[in-house]
Amino acid sequence: NAGAFQAQFRYRLPDDIDVESLKRAWTAVVKANPILRTSIIQHSALYQVVLDDDIPLRVIHGGSLKTLASTMTCKMLQLGQPMLQLFFWHGENLHGSGELLLDIHHALYDGWSLGLILDQLERAYSGAALAHQPFNKFIGYASKADNEAGRKYWLGQLAEAHVPVEVLDGRFGTLLARLKGERPALLHTHGYKAGILGRLAARLAGIPCVSTFHAGERGPFPVSLYQRLDEATSRFGARIAVSAPIAARLPGRVAVIGNFVAVPDQPPPFPTQDCVGFVGRLSLEKGPDLFGRIAEAVRAPPAFHMFGDGPMRQGLEQAHAGRVIFHGLVRAPETIWPRIGLLLMPSRAEGLPLAALEAMAAGIPVAAAAVGALPDVIRHGENGWLFPAGDIAAATAVVAQWHAASPDQVAAMSHAAWRTVRDRFGIAASLPAILAVYDAAISARAGGGGR
Numbered sequence: 019n020a021g022a023f024q025a026q027f028r029y030r031l032p033d034d035i036d037v038e039s040l041k042r043a044w045t046a047v048v049k050a051n052p053i054l055r056t057s058i059i060q061h062s063a064l065y066q067v068v069l070d071d072d073i074p075l076r077v078i079h080g081g082s083l084k085t086l087a088s089t090m091t092c093k094m095l096q097l098g099q100p101m102l103q104l105f106f107w108h109g110e111n112l113h114g115s116g117e118l119l120l121d122i123h124h125a126l127y128d129g130w131s132l133g134l135i136l137d138q139l140e141r142a143y144s145g146a147a148l149a150h151q152p153f154n155k156f157i158g159y160a161s162k163a164d165n166e167a168g169r170k171y172w173l174g175q176l177a178e179a180h181v182p183v184e185v186l187d188g189r190f191g192t193l194l195a196r197l198k199g200e201r202p203a204l205l206h207t208h209g210y211k212a213g214i215l216g217r218l219a220a221r222l223a224g225i226p227c228v229s230t231f232h233a234g235e236r237g238p239f240p241v242s243l244y245q246r247l248d249e250a251t252s253r254f255g256a257r258i259a260v261s262a263p264i265a266a267r268l269p270g271r272v273a274v275i276g277n278f279v280a281v282p283d284q285p286p287p288f289p290t291q292d293c294v295g296f297v298g299r300l301s302l303e304k305g306p307d308l309f310g311r312i313a314e315a316v317r318a319p320p321a322f323h324m325f326g327d328g329p330m331r332q333g334l335e336q337a338h339a340g341r342v343i344f345h346g347l348v349r350a351p352e353t354i355w356p357r358i359g360l361l362l363m364p365s366r367a368e369g370l371p372l373a374a375l376e377a378m379a380a381g382i383p384v385a386a387a388a389v390g391a392l393p394d395v396i397r398h399g400e401n402g403w404l405f406p407a408g409d410i411a412a413a414t415a416v417v418a419q420w421h422a423a424s425p426d427q428v429a430a431m432s433h434a435a436w437r438t439v440r441d442r443f444g445i446a447a448s449l450p451a452i453l454a455v456y457d458a459a460i461s462a463r464a465g466g467g468g469r
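If you count by the working numbering, then the sequence shown holds residues 19 to 469, one letter each, in order.
No lab work stands behind these hints: they were computed from the structure. We put the beta carbon where it would ideally sit given N, CA and C, even for glycine. Hints are supplied without guarantee of correctness; some may be wrong.
[Said to hold, decoys possible] With a straight-line Cα cutoff of 20 Å, these simulated SDA-like cross-link-like pairs (lysine to any residue) come out:
no. : residue 1 : residue 2
1   : Lys-211   : Ser-242
2   : Lys-170   : Val-185
3   : Lys-211   : Leu-194
[What the hints assert, rightly or not] Restraint-style ranges between C-beta atoms, simulated for each label pair:
no. : residue 1 : residue 2 : range
4   : Ala-339   : Pro-406   : 24 to 34 Å
5   : His-208   : Ser-242   : 17 to 27 Å
6   : His-208   : Ala-454   : 10 to 20 Å
7   : Gly-340   : Ala-146   : 30 to 40 Å
Throw the hints in and build the complete structure from the sequences for me.
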């Protein structure tokens with residue numbers, strides 16, 4: 019599966035760690051949490067089963083930690099294989115501090131769950147009994163995760179922009195009643211839940227619906243199931259995809275219209291800050307752990323700054339506090355760009371990220387993993403840089419190339435980045451295409467047609 023990946027996390031353990039107790043604690047965690055023993059057994063359907071055997075902690079003595087990490091193969095991406103591994107590594111013997119390495123399949127967990135694993139391991143190591151956690155309890159936790167902070171943030175942004183907004187209660191009946199009562203010309207949905215329910219409500223209310231598909235990655239089960247349902251039912255309305263790879267997943271005719279941003283009329287001053295930035299949610303698909311590893315690999319200047327929040331923040335701060343400066347969530351993202359000289363995006367999966375477009379509009383070159391629509395935006399060596407996803411050495415080389423560039427080279431790349439977004443991803447370039455989709459959807463509904 020080309021969209022699958024495995025992630026590696028590294029944790030330094032205290033000097034007084036007892037390895038035998040650690041092994042017993044891990045065994046207890048695995049037995050109490052069947053989800054850790056799951057395996058995917060077929061590609062043609064969403065089918066994940068729990069293995070009968072445990073997943074032991076493996077103790078490695080001697081050798082290079084770098085060599086060990088490189089030998090953690092992608093075997094878990096094969097059908098029927100366990101979806102995680104845990105290693106304890108010590109350079110010479112069992113005395114003193116060591117490193118804990120967790121290797122995990124992307125479909126098993128996202129970033130927030132790493133904290134759950136470590137919390138269970140710590141409790142078991144301290145002697146606490148662990149209650150058995152049914153597989154479906156984890157699915158329920160994921161489906162009910164609260165996003166109140168994000169909701170408040172965007173409501174605040176809309177209020178500051180004087181955009182009137184009303185948030186409904188999330189019930190299908192409320193949406194249907196509002197559509198029937200107000201009779202809008204069109205409903206535009208974003209996201210799998212809004213798409214599935216919105217298209218049905220719009221059909222019952224007799225109004226056209228347009229759905230935009232943004233996600234370049236599949237979420238973990240059951241989100242992946244909802245995404246597939248959203249895509250399969252999308253034929254009952256007009257569709258917009260922000261990239262060609264996303265459009266290829268959808269049935270029938272799809273308009274490909276990239277994300278768009280406000281672009282200044284004149285080229286901004288080229289960046290002079292000797293600083294590499296990460297801007298985005300600190301979750302697995304965005305690769306903040308890879309950003310930390312790249313920062314550690316670049317020993318000389320520049321400085322590395324991380325802007326954003328998310329479930330991986332605590333672990334990242336513990337691992338990279340000496341090399342990366344963490345700023346948390348920045349309420350006014352436009353204030354970030356004057357503070358950095360290069361935006362580094364080591365994402366494992368993407369659609370068409372707004373952060374890349376906003377940075378380029380501000381004249382900030384972008385160095386990014388070649389995933390999603392990024393290769394369609396970035397021309398390597400001209401308006402930014404591309405490197406293979408997950409390739410730390412290649413990303414490190416790109417950072418070194420940027421750092422060694424002359425002021426004239428930086429200015430030329432900055433101008434090329436701004437010009438790319440102005441010509442292809444500015445409001446003036448994208449808004450007419452969206453309005454054309456609206457007009458076609460309204461005309462099709464008025465004429466009794468459909469998609």
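Checklist entry - Does the Cβ-Cβ separation between His-208 and Ser-242 fall within 17 to 27 Å? => result holds, 18 Å
Next on the checklist: Between the alpha carbons of Lys-170 and Val-185, is the straight-line distance 20 Å or under?
Outcome noted: holds, 11 Å
Checklist entry - Is the Cα-Cα distance between Lys-211 and Ser-242 20 Å or less? => result Given pair Lys-211, Ser-242 holds - Cα atoms ~12 Å apart, limit 20 Å.
Next on the checklist: Holds or violated: Lys-211 and Leu-194, Cα atoms, limit 20 Å.
Outcome noted: It holds: about 14 Å lies between the C-alpha atoms, which stays within 20 Å.
Checklist entry - Is 30 to 40 Å a correct range for the gap between the Cβ atoms of Gly-340 and Ala-146? => result holds, 32 Å
Checklist entry - Within 10 to 20 Å or not, the Cβ separation of His-208 and Ala-454? => result This hint holds: roughly 18 Å between Cβ atoms.
Checklist entry - CB of Ala-339 to CB of Pro-406, is that within 24 to 34 Å? => result Once the Cβ atoms are compared, 28 Å apart, the range 24 to 34 Å for Pro-406 and Ala-339 holds.
The structure fails none of the hints (numbered hints given earlier).
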